[in-house]
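Protein sequence lines, in the order shown, are assigned to chains F and P. Under this note's numbering, think of the first position of the first sequence as 1, with each following residue one higher. Under this note's numbering, think of the first position of the second sequence as 148, with each following residue one higher.
Worth flagging that the hints you see were computed from the coordinates, not collected in a lab. Treat the hints loosely; a few may be bogus.
[Said to hold, decoys possible] Quick list of in silico lysine-lysine cross-link-like pairs, DSSO-like style, CA-CA up to 27 Å: (1) P/Lys-247 with F/Lys-108; (2) P/Lys-242 with F/Lys-2; (3) F/Lys-128 with P/Lys-242; (4) P/Lys-383 with F/Lys-108; (5) F/Lys-108 with F/Lys-128; (6) F/Lys-128 with P/Lys-149.
This is what each chain is made of:
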Amino acid sequence: MKFLCVPCDTPMRLETVRPPEGGSLSIVYSCPECGYEMAMLTNAYETQMVQSLGVRIGPADPAAAPGTSASRCPFTAMIPGGEEARPSPISEPGPVPWTAAAAARLEKVPEFVRPMARTGVERFAREKGAREVDETILDAARDFFGM
Amino acid sequence: MKRYHDIVGDGGSGVLEQVAEQRTRITDGLAGVRHILAVGSGKGGVGKSTLTWHLAGALRARGLRTAILDADFNGPSQARMAGVQGAVFVPGSHKVALPKSRNGIGVFSMGSLIPESEPLAFESVSERESHTWRATREFALLGEILGGFDWGALDVLLFDLPPGAERTVQYADYLSPFDRAAGAPRVSFLLVTIPSEVARGVVARSVAALSKGPHRILGYVENMSGYYCRDCNAIKPLFGTPDSSGLGIPCLGTVPFDPELAAHCDRGLPLTDVPATPAGRALEHVARQLLDVLETIPSASARRAQPQGKEPGE
Chain F
1 MKFLCVPCDT
11 PMRLETVRPP
21 EGGSLSIVYS
31 CPECGYEMAM
41 LTNAYETQMV
51 QSLGVRIGPA
61 DPAAAPGTSA
71 SRCPFTAMIP
81 GGEEARPSPI
91 SEPGPVPWTA
101 AAAARLEKVP
111 EFVRPMARTG
121 VERFAREKGA
131 REVDETILDA
141 ARDFFGM
Chain P
148 MKRYHDIVGD
158 GGSGVLEQVA
168 EQRTRITDGL
178 AGVRHILAVG
188 SGKGGVGKST
198 LTWHLAGALR
208 ARGLRTAILD
218 ADFNGPSQAR
228 MAGVQGAVFV
238 PGSHKVALPK
248 SRNGIGVFSM
258 GSLIPESEPL
268 AFESVSERES
278 HTWRATREFA
288 LLGEILGGFD
298 WGALDVLLFD
308 LPPGAERTVQ
318 YADYLSPFDR
328 AAGAPRVSFL
338 LVTIPSEVAR
348 GVVARSVAAL
358 SKGPHRILGY
368 VENMSGYYCR
378 DCNAIKPLFG
388 TPDSSGLGIP
398 CLGTVPFDPE
408 LAAHCDRGLP
418 LTDVPATPAG
428 RALEHVARQL
438 LDVLETIPSA
448 SARRAQPQGK
458 EPGE
């Protein structure tokens with residue numbers, strides 16, 4: 001979708017995106033020629049249509065506009081870190097810290113897989129007696145699980 | 148006044164660029180895959196998933212590098228059959244390592260992520276209008292899977308398609324651009340039917356729908372073509388004997404139903420763990436036929452070099 005300032009015949013530029021509120025996004029466009037501003041206010045149906053494309057509207061950093069990203073974990077019922085962990089009445093111990101390099105790897109994988117990846121790898125690290133998840137642990141996990 | 152196509156870019160929303168990035172990521176991820184074989188039908192309950200799993204096993208047993216993408220997001224079954232329900236997803240240097248079955252088949256299935264007691268439900272700001280966005284969201288998910296997992300070097304990546312003739316065509320349309328891209332896998336379809344007029348009619352509809360586009364249909368497999376009775380050591384009829392040849396595509400084999408093989412699937416055991424049976428031999432035959440046909444499909448670069456060549460399904 002593109003917006004045109006009719007008096008100037010100039011394409012308008014996206015300025016800000018406000019996070020969804022009640023399912024509605026507020027997206028402000030301005031004309032670079034005359035400075036005229038307009039806001040597109042979506043209903044929940046329209047917001048969802050765009051989010052279903054798996055794209056983000058507006059700023060590249062989702063943290064800058066939380067809720068405008070469709071790439072975060074989209075599922076409402078996921079197995080937390082493998083099915084065998086789910087029915088356990090004993091809660092998982094606290095999280096194992098990740099080194100920056102290992103965390104960077106985790107950031108590269110699709111967000112819908114991250115919760116399971118994090119839990120499964122941390123459990124593997126605990127079983128190996130590791131105090132943190134680093135790239136060596138990730139490679140060992142990969143070998144251990146025959147990947 | 149300017150029109151849409153007079154304007155370069157989209158004013159900063161970046162939607163088009165992100166879609167293009169997704170496609171690039173997918174193309175890069177599939178660069179090591181020679182063939183995508185989409186196993187569909189249109190009809191539900193004909194054994195697409197079981198056949199996909201066993202064919203992958205038969206191809207793997209012949210030394211081919213094989214993986215399965217369970218594209219039936221709403222009714223995933225490959226995780227159970229492949230024994231990867233409790234899979235641990237390990238971040239690799241760039242992508243997620245693919246869980247593998249005991250016989251070395253890479254498997255992605257939503258069944259590894261979502262408990263069988265739960266439906267696949269997306270978080271949404273418009274839940275009650277899911278009929279308007281759900282299919283789009285599922286294809287975006289497919290893109291995330293194709294682009295986010297490490298498919299590596301594969302001879303065949305099998306897609307286990309969901310039921311529905313229209314769904315089959317949607318997948319064909321989604322995958323079709325990859326078939327034409329340089330260095331991308333060739334995309335082919337294998338349809339599954341059973342010896343019932345009802346099933347044959349639905350599969351015929353899928354054939355007709357696929358044939359409207361530039362899609363390559365290798366042929367069909369008649370599944371549940373009788374059942375194997377161990378007591379009699381004979382194959383007995385399950386249905387009548389309708390004429391499946393009316394589908395107008397090659398038959399790559401018939402596979403009888405084998406209750407023991409079905410029980411093995413439920414327990415996540417591969418075909419190689421099952422003693423030689425008529426069903427196992429039939430699956431081997433289908434795998435051989437498939438390989439023969441796949442070998443005749445030239446790479447994208449070869450096709451460009453010989454533009455006069457005509458391929459199956461064209």
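How the hints compare with the structure:
no., hint, result
1, P/Lys-247 with F/Lys-108, "holds (21 Å)"
2, P/Lys-242 with F/Lys-2, "violated (34 Å)"
3, F/Lys-128 with P/Lys-242, "holds (23 Å)"
4, P/Lys-383 with F/Lys-108, "violated (53 Å)"
5, F/Lys-108 with F/Lys-128, "holds (24 Å)"
6, F/Lys-128 with P/Lys-149, "violated (64 Å)"
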